[in-house]
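**Q** Listed here are the chains, written in short residue letters.
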Amino acid sequence: MQKKTIAVGLLVAGMLGAVASVQADPRARFMAANCSYCHGANGKSAGAIPSLAGLEVKYFVDQMKAFRDGTRPATVMAKHANGYTDAEYLAMAKYFAAIK
Amino acid sequence: MTFDRRDFLKASAGAAGAATLASVSGCATYYSGNAAPKVVVIGAGFGGATFARYLKTWYPKADVTIIEPNAKFVSCPTSNEVLAGHASMDDITRPYDGVKKIVNAFVQDYVTGINTTAKTVTTKGGKTIAYDRLVLAGGVELLFDTVKGYDAEAQKVVKHAWKASAEQTGALRAQLEAMPDGGVFVMSVPMAPYRCPPGPYERASMVASYFKKAKPKSKIIVLDGNPDIASKKGLFLAAWKKHYGYGTDNSMIDYRANNMPKSVNVATMTVGTEFDDVKGDVLNVVPPMRAAEICGLAGVRTGNNGNWCPVNYITFESTVVKDVHILGDSALTNFPKSGSVANNTGKMCAYAMSEMFSGREPDGAPVVTNTCYSGTGMGTAFHVATVFRWDPEKKSLVPPKGANGVSKEESELEYAYMMSWKENVLNDTLNLA
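Protein chains in written order, with our numbering: chain D, 1 to 100; chain X, 1 to 433.
Bound-form chain D, shown alone (with noise of 0.2 Å):
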């Protein structure tokens, strides 16, 4: 029973995933506004802290798995990278790279 409701839910959510964006996405977007009391709202931040708003989406995902690896040396994100999938990674990347 619950699998033929994932089974359809999933046809549903692919076909919606095809229009919605991911500007509306509401969790993608709600990840991406826990980003903006250090890297200010919609990513455009003031002083040292780096902006994240028109990030491309590969060097977005690939700077969070160095932080998560510890490859590229951090202060605070090692453990914001921690703190997140891979698909959210993608998903915040998106959002990010969206904005001009």
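By construction, these hints were calculated from the structure, which means they are not laboratory data. Model, not experiment: these values are computed from the prediction. All residues carry an ideal CB built from backbone N, CA and C; glycine is no exception. The reader is advised that the hints may include incorrect statements.
Below 25 Å or equal to it, Euclidean Cα-Cα: the simulated SDA-like pairs (lysine to any residue) are [as the list claims (entries may be wrong)]:
(1) X:100 - D:46
(2) D:100 - X:420
(3) X:408 - D:78
(4) X:148 - X:274
(5) X:100 - D:42
(6) X:101 - D:29
(7) D:94 - X:390
(8) D:100 - X:102
(9) X:279 - X:177
(10) D:65 - X:406
(11) D:58 - D:87
(12) D:58 - X:402
(13) X:408 - D:75
(14) D:44 - X:57
(15) D:44 - X:432
(16) X:394 - D:86
Computed far set for chain X versus chain D, every beta-carbon distance over 12 Å [as the list claims (entries may be wrong)]:
(17) 61
(18) 87
(19) 100
(20) 105
(21) 122
(22) 132
(23) 234
(24) 270
(25) 273
(26) 431
With chain D's structure known, arrange chain X on it following the hints.
**A** This is chain X only, laid out in the frame that chain D set:
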């Protein structure tokens, strides 16, 4: 890709549609078809103002009224910089222009009554405002009565400066400036939980930096009600050793654990503990605290011996009174009572509410983050950072492996980040950028 509960909810909601959702969720049913639910927010700080901004961004149809007693916002974070003389009151003060721009009504007034049955809020100015959802973001109430002699008269002399304002932070800075070299500054740390766990230790560092430069014969006595330094202990001790002679006969800071202030006497300028009376030239007593007065008015201050407000982690709704949400310092959670957490829980509540208003189930697997910097007073700073995620087994928000920790050491880079954080969090919270 794994298929978690959240995806399941999202997918099944999409498949079933809002009509069938009525059987699963009471809140979703309540709001389907309700074009403009009335949301009243009390308190325009890191929790309340952030919530209002993001709810209006994510669900513009909400009719949001914010009630706030102050004409301008004064930031507690980085207010210790004012005590050090590194910043002015203007540097930590911001207008409410951005908040007024985004909400439907900004009422500058005090709340005197909350009726959670009739669902109304009354103000000192004589207004009665109805709500569908009420958001309490009033920070903390300071319990002066628990410290003998800390009455209205004593409060004219002894400043807590734990809610930043010209009358508190500005006045304490003036007292420090007027103090002669060789004077003693006595400050206290309240029993946990309190607003801003590392704040008192940062304050000791900041005042020490001022004394080191301007009044090198002066001393700081820290009376801590707790059994030990409650936050960033290793980092503060290292900074005190490096900059202020801690651990030597010449230490500027005299730290005393298990020394809770029991009384103040402004005639003798002493703070009484269980052990002795400690005399100072400037006294800075931070009383114990609990959730804001408005939480008492709403009957939601039921946790932890009636001091804090238990909340549902998904929506930040009170677990005892329906349609009342509690943000920031007032909430009983396992998060630190920081500006970053208040800002982030404001967004979480706005996210959950915008989903409910849209006739959807709120996200069952939320994420909350904290990033909190402390300055040493010497142009360096350090942090604690944590990501809290929903753990279905523990039924709580907990940090995954590696998602919690502090700086290795103080650095100038982190001081630059701290000052950048201040600008960004104020802009984000107050809709100034």
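**Q** None of the hints should be skipped; say for each whether it holds.
**A** Hints, verified against the model:
1. X:100 - D:46: With a Cα-Cα distance of about 22 Å, the restraint between residue 100 of chain X and residue 46 of chain D holds, given a limit of 25 Å.
2. D:100 - X:420: 21 Å, holds
3. X:408 - D:78: 12 Å, holds
4. X:148 - X:274: 12 Å, holds
5. X:100 - D:42: Distance ~20 Å between residue 100 of chain X and residue 42 of chain D Cα, so the pair holds.
6. X:101 - D:29: OK: residue 101 of chain X and residue 29 of chain D at ~22 Å, within 25 Å.
7. D:94 - X:390: 23 Å, holds
8. D:100 - X:102: 22 Å, holds
9. X:279 - X:177: 18 Å, holds
10. D:65 - X:406: Holds: residue 65 of chain D and residue 406 of chain X sit about 20 Å apart, inside 25 Å.
11. D:58 - D:87: 13 Å, holds
12. D:58 - X:402: 23 Å, holds
13. X:408 - D:75: 8 Å, holds
14. D:44 - X:57: 17 Å, holds
15. D:44 - X:432: Judged against 25 Å, a Cα distance of about 12 Å means the pair holds.
16. X:394 - D:86: Cα-Cα ~23 Å, so holds.
17. 61: 15 Å, holds
18. 87: Check passes; 14 Å lies beyond 12 Å.
19. 100: 17 Å, holds
20. 105: 22 Å, holds
21. 122: The assertion about residue 122 of chain X holds, with a minimum of 33 Å to chain D.
22. 132: 20 Å, holds
23. 234: 16 Å, holds
24. 270: 41 Å, holds
25. 273: Given a closest Cβ separation of 37 Å, the condition holds.
26. 431: 8 Å, violated
Violated hint: 26 only; the structure is consistent with all others.
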